[in-house]
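Visitor: Sequence:
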Amino acid sequence: MLKHADIWAALDALARDHGLTASALARKAGLDPTTFNKSKRITREGKPRWPSTESVAKVLDATGASMSDLVGYIDGAAPRRPSPTMPLVGFAQAGDRGFFDDSGYPVGGGWDEIPFPEIGDPHAYALEVSGDSMEPLFRDGDVVIVSPAASVRRGDRVVVKTLEGEVMVKQLIRQTAKRIELASINPAHTGRSLATEEVSWMARILWASQ
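Numbering-wise (the numbering used here), the sequence shown opens with residue 253 and increments by one.
By construction, these hints were calculated from the structure, which means they are not laboratory data. Just so you know, not all the hints are guaranteed correct.
[To be verified] Label pairs and their in silico Cβ distance ranges:
#1 Thr428 <-> Pro367: 19 to 27 Å
#2 Leu458 <-> Gly271: 43 to 51 Å
#3 Thr273 <-> Ile294: 14 to 22 Å
#4 Ala401 <-> Ile366: 14 to 22 Å
#5 Lys299 <-> Trp459: 55 to 63 Å
#6 Pro374 <-> Asn438: 14 to 22 Å
#7 Leu458 <-> Thr305: 43 to 51 Å
#8 Ile425 <-> Arg268: 23 to 31 Å
#9 Leu415 <-> Thr337: 26 to 34 Å
These numbers come from a predicted model, not from an experiment. For glycine and all other residues, C-beta sits at the position ideal for the given N, C-alpha and C.
Please construct the entire structure, taking both the sequences and the accompanying hints into account.
Guide: Following this line, the structure appears as structure tokens:
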């Protein structure tokens with residue numbers, strides 16, 4: 253049986269999960285800021301006062317929540333929110349023009365997505381390794397998480413894209429104003445020395461799915 257205290261507790265929880273007080277929630281919904289005050293939840297005669305259906309509808313509209321979300325709060329559990337995702341880009345896509353801007357941030361939406369926790373860079377993306385040039389550290393099918401916003405230092409493993417569209421995973425050995433020296437992760441492959449003007453962008457690898 254639905255109790256008076258349950259619906260108010262649900263509204264309080266909804267407000268809290270949106271970083272709002274009860275008064276701020278009412279204001280956001282276009283209501284009088286005192287609408288959800290605790291003093292308004294009981295009549296002068298001491299009887300429970302229920303929120304109007306109109307007030308509840310305005311709150312749901314203002315927060316983007318659904319009635320099932322509110323029921324979840326009433327049942328004592330916050331509604332399930334979708335797991336955060338990030339773009340999953342293949343090596344062939346990474347080499348295509350149009351998938352990234354000049355700073356190495358993915359643009360558009362022609363990729364798959366994978367669930368992954370927030371890492372502090374909303375533009376981070378997953379890159380699926382193909383081929384054996386990065387073995388034994390990264391194998392075909394492994395996924396690496398790349399953050400264009402992360403600072404790059406000597407010794408970091410990085411994804412580099414040249415202006416010609418070549419994409420490679422290497423280890424940064426040295427970077428000057430004129431050149432970028434890279435070591436190959438697979439000892440069977442040679443390192444690379446690139447002029448700075450040859451490089452479209454370079455981004456640090458934060459995590460790998462090994």
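Visitor: Hints first: check each against the structure and report whether it holds.
Guide: Hints, verified against the model:
1. Thr428 <-> Pro367: 19 to 27 Å: With Cβ atoms ~39 Å apart, the hint is violated.
2. Leu458 <-> Gly271: 43 to 51 Å: Violated, at about 27 Å.
3. Thr273 <-> Ile294: 14 to 22 Å: holds, 19 Å
4. Ala401 <-> Ile366: 14 to 22 Å: With Cβ atoms ~19 Å apart, the hint holds.
5. Lys299 <-> Trp459: 55 to 63 Å: holds, 57 Å
6. Pro374 <-> Asn438: 14 to 22 Å: Distance hint for Pro374, Asn438 is violated at roughly 32 Å.
7. Leu458 <-> Thr305: 43 to 51 Å: Taking Cβ atoms as reference, Leu458 and Thr305 lie about 48 Å apart, which means the hint holds.
8. Ile425 <-> Arg268: 23 to 31 Å: Hint violated: Cβ distance 50 Å, outside 23 to 31 Å.
9. Leu415 <-> Thr337: 26 to 34 Å: Cβ of Leu415 to Cβ of Thr337: about 30 Å, so the range 26 to 34 Å holds.
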